[in-house]
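Enquirer: Protein chains in written order, with numbering that gives the first Met the number 0: chain D, 0 to 411; chain A, 0 to 470; chain R, 0 to 488.
Simulated from the structure, these hints should not be mistaken for lab results.
Mixed in with the good hints there might be a few duds.
[Claimed, not checked] Okay, derived cross-link-like pairs now, DSS-like style, lysine-lysine, Cα gap no bigger than 27 angstroms in a straight line: (1) A:205 x R:173; (2) R:192 x R:62; (3) R:221 x A:207; (4) R:305 x R:359; (5) R:173 x R:62; (6) A:310 x A:372; (7) D:129 x D:140; (8) R:221 x A:208; (9) A:297 x A:372; (10) A:208 x R:173; (11) R:173 x R:192; (12) D:264 x A:207; (13) R:173 x A:207; (14) A:371 x A:297; (15) A:371 x A:310; (16) A:205 x R:221; (17) D:129 x D:48; (18) R:376 x R:484.
Every value quoted in this text rests on a predicted model; they were computed, and no experiment measured them.
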Amino acid sequence: MHHADAPTFDPEVASRETLNSFSDFARSITWKVGLTGLAVAFLASLLSKNGQVHLAYSYLIALAYVVSISLGALFFVAVQHVTRAGWSVTVRRLAEILAMGLIPVAPLFLPLVLLVLMGSTTPFVWANAKFLAEHPLIQAKTPYLNSIFFVIRNVIYFAFWAWLARRFLTLSRRQDVTGDPAISNQLEATAAPSLLVFALTLTFFAFDWLMSLQPEWFSTIFGVYYFAGGVMAFFATVSLVVIQFQASGRMQGLVTVEHRHDLGKFLFGFVCFWAYMAISQYLLIWYANIPEETEWFSIRQNNGWEYVSLLLIFGHFVLPFLGLMSRHVKRNVGLLRFWTVWLLVMHWVDLYWLVMPALYRETGPNFGVVDIGCMVGVIGLWLAGIQRVAGDAPLVPLRDPRMHESLAFHNI
Amino acid sequence: MATITTSIDNTQETPGHRAPLVIGHHTYGSITETVCRVAEAPHPPRAWYIAFAISVLLVLMLGGLITHLLLTGVGVWGNNSPVFWGWPIVNFVFWVGIGHAGTLISAILFLFRQNWRTSINRAAEAMTIFAVVCAGMYPGIHVGRIWLAWWLFPLGPNQNALWPQFRSPLLWDVFAVSTYASVSAVFWYMGMIPDLATFRDRATNKIKKFAYGALSLGWTGSARNWHRYERAYLILAALATPLVLSVHTIVSFDFAVSQLPGWHTTIFPPYFVAGAVFSGFGMVLTLMVPARELFGLKDLITLRHLENMCKVIIATGTIVGYAYAMEFFIAWYSGSRYEGFAFINRAFGPYWWAYWTMVTCNVISPQLFWFKKMRTSPWLMFIVSIFVNIGMWFERFVITITSLSRDFLPSSWGYFIPTWVDIAMFVGSFGLFFMLFLLFCRYLPIVAMAEVRGVALPQPTDGHAEHPASH
Amino acid sequence: MSEHSTSHTSSTPEPRAAAVFGASPARVGHHSRDGHAVAPAPQPAAVFAAFHTPAELIAAARKTREAGYANFDAHSPFPVHGIDDAIGIRPTRLPFFTLVAACVGFVTALAMQWWMNGVAYPFLISGKPLISIPASWPVAFELTVLFSAFTTVIAMILLNGLPRFSNPLLSDEKFLRSTSDQFVLSIDARDPKFGGALDHLRGLGTVPETVYTDPGSKALPKIIPLAGLIIVSAMMIPPVLIAKARVSTKSVPRWHFIWDMDFQPKFKAQRENLLFTDLRAMRPQEPGTVARGELEADDAFYRGLKSDDNGAVEAAQVSRQVVAQAQPADATQPADGAAAPADGAAAPADGGPPPDPLDKLPWVTEFPVAVTGQLMKRGQERYDIYCSTCHGLAGDGDGLITQRAMELEQGTWIRPVTYHSDAIRNQPVGRLFNTITNGVRKMPPMGDVIPPEDRWAILLYMRALQRSRNATPADVPTDVLPQLKDVPQ
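Bound-form chain D, shown alone (with noise of 0.2 angstroms):
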């Protein structure tokens, strides 16, 4: 029964299927689309008084959302390698390309960096000097809060991701070639010291971008918050690729039911992670109520925050919960893609709730046509920029020694 389904795997047939195979719209419509949303949004931010801000925060969303399933990527990656992962062989390319998006999509914080380089007060109030001097409390923290450093710390950030995406990949597309077993060791011991520095340059990332843009608050899992949506997103993200892939004819054969299970597992476990995570914070903070502390989620409480709050205890945890926790939805291709498409959008309002109240305390949620452009538009020219650094590799590893593991892979 279960040799049944064991499909034969031909790697030349394999090869011929990449991001590049896909046809000329497909591929244009990306470019397209991404500057088209972000022209969108941009024109939509001239419209009303405060709609630059508006812009630069949800800019920002925009771009954590899609580092967020970038670094989850690679964490998966790298994961895999230490732990000698057979299962995962043929969906291991796909996250493989997918971390090489935090290539193309560094260059598109340079907006940002150079607000924060200008002194502006927008996105990051602690950039601005006369801020500082009104703040002594967050004045105390410019040794680490200063935009050089922060600049400097950005820059060893992504070139570590970025030089750890391209060696998985180059390595992995080496194997393509040659099959050799000695690469799986090498990318093995690559893979274990650099998870160490990536947990460091990710818990980074997230205070700098996130946590620091209420610089008076402060919270030691916030890097493990903001990981564990990312890499539930990761997990959404290369389930629905799998499932659209598979729709559309590609990549037949080598992800099997059993892969998807095992991913919606993965994702199953993640919102409970997330959920793990969100709790801890809460309550810890909810329970010793010291002031400093809990003005942060008294902003997410009030003025009608409180029912983004709600949305994303439901929609982010209790729903996905109750959703995904039988094995039938898990195998069930029309509901895993529901499920994905839910839990992207529920990340996505995700890091709405931990930017957009710094900069609506009072006024509640703003949500208009400048967010979806953003959205639109950073996704558009992220896969896009994907498709440009990693559209000639195939969408499986063509000669990995434990290939046959996967291929053959059945859940109990």
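Go by the hints and put chains A and R onto chain D.
Expert: Frame of chain D; chains A and R shown alone:
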């Protein structure tokens, strides 16, 4: 009967070819033989007798000390202003933490299809339960009037018209630890049923036949029974996974919901869990390295098993290091002078020796496992595992004592000194732990035979998909 | 489960051994061979055949199923994958039980916390709401896991028909290796095609064995009821001891196991303390201080005095003076004792009663609290508890204590006055309030016993009693009027 003759190095693995999990050309029968021999031998090894005698003496000492404590009061401990949570809490958290490895191995590694766990999960689960027994003892006797300890539970009939206070993390702890203890025990027992049936069917005297027969409930290995059994095992694993995380999370709440600098920090839940897994694996190594030598289990608990555990230790030890770093960074970044002082005080205050012992043992010593030589030399890793145990005890000491001894008000600062009762009781709790573990080794199946037969042995004629080597 | 229960109704009439813990092949085999005189002849219970590999077992199971057998099973030392399909085992209902238990556990935990902390024993702690969801989830989570885990294991055991301590298969030594290294296929005697089972197994290339029902005695081994009796008896000891302790009284002091807990070095209330010159352990309130919540500035409510007549402060001062002077003296004496007759007996017959300084005080004449039916009920209840024993249920001064004291004729008892005299009826309520608070003649001060709200409630009821003796039919509601007998029509 297979003996330890081969010297296959199953720590070397060529990608694409899985190294064997069990070495020594074992068959189903020889696995039964190897494991049952431990319990069926007419006499255990001499080392067992010596260790058991020492343990029993320590347990007698512990019993005497508990009597002394109950007759005199908790004042026999060093707990006093400003450190009212002294060694009893430190030891409680230490033992509960150790009790995390077993369920992690049997539940989480099961969900991740880590088949190597089958050789060690039984002993690790047993260790878990005994560690939780040691842990549970401390809050029990810390209430002083132990005969009123049942007030911790919402039990009726309620003559006092009082109910427990459910908004207290200490009460959550009562629920978490007792749930964990009972579910772990049930999980452990359920896993043992098939192996107890094996013991029953090999028993040669009436008492053993009766005892193992009663414990194995009449198990015959029926396919219908296995079907439900496997389903139940999967469900229990799925339940035990969040449970094991919740336990140390809630233990961390005991500290973190307060406002005390050094206790109140949001990373405590995952940091405590990682620390618990870290210390648990440390203790598994401490027990398994000698046990596999003593009971001739080197074929089943191979170097590869030990190496994998070393890898878990390095991973969790590094997570703990990450948490230390985050605490320090945020203590500064928060701008709270109390928070900042708490951490400077830890590293350079009167307890600097405890802090640096902790950092050395927990963060630096596991880094030795980056070297393959360290990961594959049992006695070297045994030494490191001892360091891990010491370091994790000191972690709880540092958290509890440093924060309490110097809080907001300098006039109320103090320096904690344990009494001889504190120290002797902690030593005695090791006696309890080892006595229970030694009894387990002697009378119960120390390795999950059924699971090893099923997943760790290559099954050439089965040709099942889970064994890639057959493709 | 079904297998187990139907075994009693099977066609095999022979009883089985009630408890075969483990294997006893020699005994059972022996019995069956030499045909024990007492026991009936054993009947076949099942046939089985052994295989060496899981694959052979799966193949054999598939063939057996194809041959039309239904009541057969495979026995293996570990779960063999693929055997479910070969035998035709349907997915178990186990997860359903787990789900139900999880829901029950979750709801139980929330309901328990809601009821215990929100309703039965509301207790405010660290400013948290009585019912707070963030603080409820840890226990809710733990109970969810606890309930579902135990249900899963118990359901697994019961659905498997376990515990089952009597199984003919376990009587065959060859079968026992199925928990070690052999794979066994067994066909139960209850299968309709059992007659051909041996041949079928032989056809699979094996040497099948037959196991027989145990012809031994059905009676329990003697050790089991004996052990049960001993255990139950032992368990009875603690409850019996507790029950005895609860009903017996002793004149000797109880045992003190923990001396320094029973005799703690601390000062108890009403005891002596040499640290203070007055030797009292319980310290009086410092002069000039007011305890929190005990300011009692409302003169009308707390003392029955109009504070607005002569100014609040003055009235309060006067009332305190009155209280201070009235306390030690008998109320029949004037407060300024110098001018009073020295004997302090009954009032002089000639000059009428001496002027009472209390008469001059500005007593309130209206109730300073809202007069409601509820207050009246409360007053009746309090009156019956505190006042009626001396004053009588109707206020005639003929309570049980008074009656008994009068019977004794010892002369020390002063009969309480009736409420229904004009003197009492015309006293302002404030004055009566003061009497309850501070006492009069032999009547002790009740202010420390009855809170002010209740004193006003009692007064209200007292007024109702007084009114009842001076009421006209017009005061009675028309619907109860016909029930009254002596009403002059």
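Enquirer: Measure nothing beyond the straight line between the CA atoms of residue 208 of chain A and residue 173 of chain R; if it is 27 angstroms or shorter, mark the hint as holding.
Expert: holds (17 angstroms)
Enquirer: Does residue 207 of chain A lie within 27 angstroms of residue 221 of chain R when you go C-alpha to C-alpha?
Expert: Satisfied, since the Cα-Cα distance of roughly 19 angstroms is no more than 27 angstroms.
Enquirer: Need the status of pair residue 371 of chain A, residue 310 of chain A: alpha-carbon distance at most 27 angstroms?
Expert: The hint holds at about 10 angstroms.
Enquirer: Residue 129 of chain D and residue 140 of chain D: Cα distance at most 27 angstroms?
Expert: holds (15 angstroms)
Enquirer: Given the hint that residue 305 of chain R pairs with residue 359 of chain R, test it: the Cα-Cα distance must not exceed 27 angstroms.
Expert: holds (12 angstroms)
Enquirer: Check the hint pairing residue 192 of chain R with residue 62 of chain R against an upper bound of 27 angstroms on the C-alpha distance.
Expert: holds (14 angstroms)
Enquirer: So if I understand the rule, the pair passes when the alpha-carbon distance is 27 angstroms or less; does residue 173 of chain R with residue 192 of chain R pass?
Expert: holds (23 angstroms)
Enquirer: Does residue 221 of chain R sit within 27 angstroms of residue 205 of chain A, going by the straight-line distance between their CA atoms?
Expert: Holds, because 15 angstroms separates the two Cα atoms, which is no more than 27 angstroms.
Enquirer: Check whether the Cα positions of residue 205 of chain A and residue 173 of chain R lie no farther apart than 27 angstroms.
Expert: Between residue 205 of chain A and residue 173 of chain R the Cα gap is close to 19 angstroms, so the pair holds against 27 angstroms.
Enquirer: Are residue 173 of chain R and residue 207 of chain A close enough, with their CA atoms no more than 27 angstroms apart?
Expert: Distance of about 20 angstroms is within 27 angstroms: holds.
Enquirer: Straight-line Cα separation of residue 297 of chain A and residue 372 of chain A no greater than 27 angstroms?
Expert: holds (18 angstroms)
Enquirer: Would you check the hint for residue 173 of chain R and residue 62 of chain R, treating anything up to 27 angstroms between C-alpha atoms as holding?
Expert: Status holds; Cα separation ~22 angstroms.
Hint 12 from the list above is the single one not met by this structure.
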